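Following the hints, complete the assembly by docking chain B onto the known chain A.
Chain by chain, the residues run as shown.
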Amino acid sequence: MKKLLSVLSLVTLLGVSALTTSTISYAEDAVVATEAAVEAAPAPEAAPTEAAPAEAAPAEPAAAPAPVPNKGDTAWMIVATVLVSLMVIPGLALFYGGLVRQKNMLSVLMQTFVIFSLMGVLWAIYGYSVAFTGGSPFFGGLSKAFLSGVTPESIAATFSKGVYIPEYMFVAFQLTFAAITPALIIGAFAERMKFSAVLAFMVLWFTFAYLPMAHMVWYWDGPDAITTAESLNTVLANAGWLWAKGALDFAGGTVVHINAGVAGLVACIVLGKRIGYGKEAMTPHSLTLTMVGASLLWVGWFGFNAGSNLEANGYAALAFINTMIATGAATISWMFVEWFGKSKPSMLGAASGAVAGLVAITPACGFVGPMGAIIIGLLVSPICYFFVTKVKYMFGYDDALDVFGVHAVGGIFGALATGVFVNPALGGAGVVDYVANGVAAYDFGAQMTAQIYAVVTAIVVSAVVAFISLKVVDLLIGLRVSEESEREGLDTTEHGERAYHA
Amino acid sequence: MKFVSAIIKPFKLDEVREALSNIGVQGITVTEVKGFGRQKGHTELYRGAEYVVDFLPKVKLEVAIKDDMLDQVVDAIEKSAATGKIGDGKIFVFNLEQVYRIRTGETGPDAL
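So the sequence lines, in the order shown, correspond to chains A and B.
Numbering-wise, the numbering used here comes out as the position in the first sequence, counting from 1, plus 41.
Numbering-wise, the numbering used here comes out as the position in the second sequence, counting from 1, plus 2.
If we strip away everything but chain A, and leave its shape as in the complex, we get:
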């Protein structure tokens, strides 16, 4: 145990020191920029966007008083953050837990529970800073490490000019995203990976795959920084790489689902199949709990999607209704695909369809119209069904709980569909033009190019980081439990307890 702890802390230290060396210069730049901005305009000093354009500041010397966060928005974000937490514990834990064999139930619950805890702490120590401060287009800095500078008075930008929420709430909301994404991966290598190896892998993958993706897709200076075409260029230059490309990802289709799904595929291939895969029965031990988990995911996803709007307004309502009906449509279409095929309409199929629908609508929920959402929901299930029931067996990888087949495939479809159905001509909400303060003209080619950039980047970053991280962990700790432990079940061998006493 001591050996494990020392290895873990070593891995963490390595990660942090690597960060420090690679980003220290950016962090310094950011601090300088902040000081310049503060001198020029005292008002936005509390803005989370420390690199406020210094040249724009003198043009508005009579700065308005610092914006006060709206209480309704703040209350909604607290609720949304609680809802996303509910998705992980117990939602995802039960959804996955019900799908494994009885002897591995606690290992799945424990992995989810501890990853949620661990990622939350890492998020506060360096995750938030790396994801949400300026620096390079690919990686943020460490100026807010240990949440330095974040206070009850500091505020975070939303998507409307002049509207802010408390920065602590933004930190907490984004924390739950950073915590659920690594937890999604465990479904791919369930029932065979060492607990210590799971934790070490998650620290590495979180640091070098999740944080850069979150930065690339979501980091920008906020709408108030954009007033003219010139200031837009400054914001674009400072923003994350994919944000600047114009890639749309409302609630994390690329950052969360493609990212986690691809890491899952790599992990299940590197680890290899479970003993007896394809020969022994590996039936879910409790579809009752899986249904409970899927339902908690669905309910929690309202916070995930509508909360991603960061304000309680009409776009949050749009994301909400889309989350409801796209998921319903996907549930129904998965059921009919099974029913018209050779199977019966199954509870597991309905739950799988719901999750596929939730995944697909995630990047789209605040951009597309409700009818677009229904089409996305109806189409995603047959695609995921094909991957889960055909492609997996064609290639023979053991993605135990279909993390790749549902999250990566559904996420890729959702990301591309977002580019299509955001079109106002197809009922979409369009993309806001912050210079003209209206809806920008839709360009299919440009939008799809941006979406494809985002999808490919997520796939490459996640796959490369997952592969290297797994190899490192394999060298340090070893990835798989012994054959004996695997047959005995991870509950007793890794955790010393059993889920059920009959």
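These are calculated hints, taken from the structure and not from any lab test.
Certain hints may be false.
[As the list claims (entries may be wrong)] Dumping the calculated DSBU-like pairs for lysine-lysine here, alpha-carbon to alpha-carbon at most 30 Å: (1) B:LYS11 x B:LYS81; (2) A:LYS314 x A:LYS431; (3) A:LYS320 x B:LYS81; (4) B:LYS42 x A:LYS383; (5) A:LYS383 x B:LYS87; (6) B:LYS62 x B:LYS81; (7) A:LYS385 x B:LYS81; (8) B:LYS4 x A:LYS385; (9) A:LYS144 x A:LYS320; (10) B:LYS4 x B:LYS68; (11) A:LYS314 x A:LYS385; (12) A:LYS144 x B:LYS11.
Since we're looking at a predicted model, the values are computed, not measured.
Below, chain B without anything else, positioned relative to chain A:
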């Protein structure tokens, strides 16, 4: 004395117990078991993964009786457990050598 062991469909248990009580059988032991006979198993499908379930859940019911009750007991079980469909189960009859009642030490038919 005879020992009768019957494998029946689980949902028929109540009817069989009632039929046996009506003809004066004093005690029954019931066990949840799994097995297969001519009915064979069935297949279950989980996200496209097909599993053949060989062993179906059944109920095993055991009674110890005096020799002269055998025909009645077999008849009662046959009638009450039958659905007419495959998988209704079987009745096994054994000779019973000895019976002891633990509390009183009685033996033989008195102990039944």
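*So which hints don't hold here, by number, going up?*
Numbers 3, 7, 8, in rising order.
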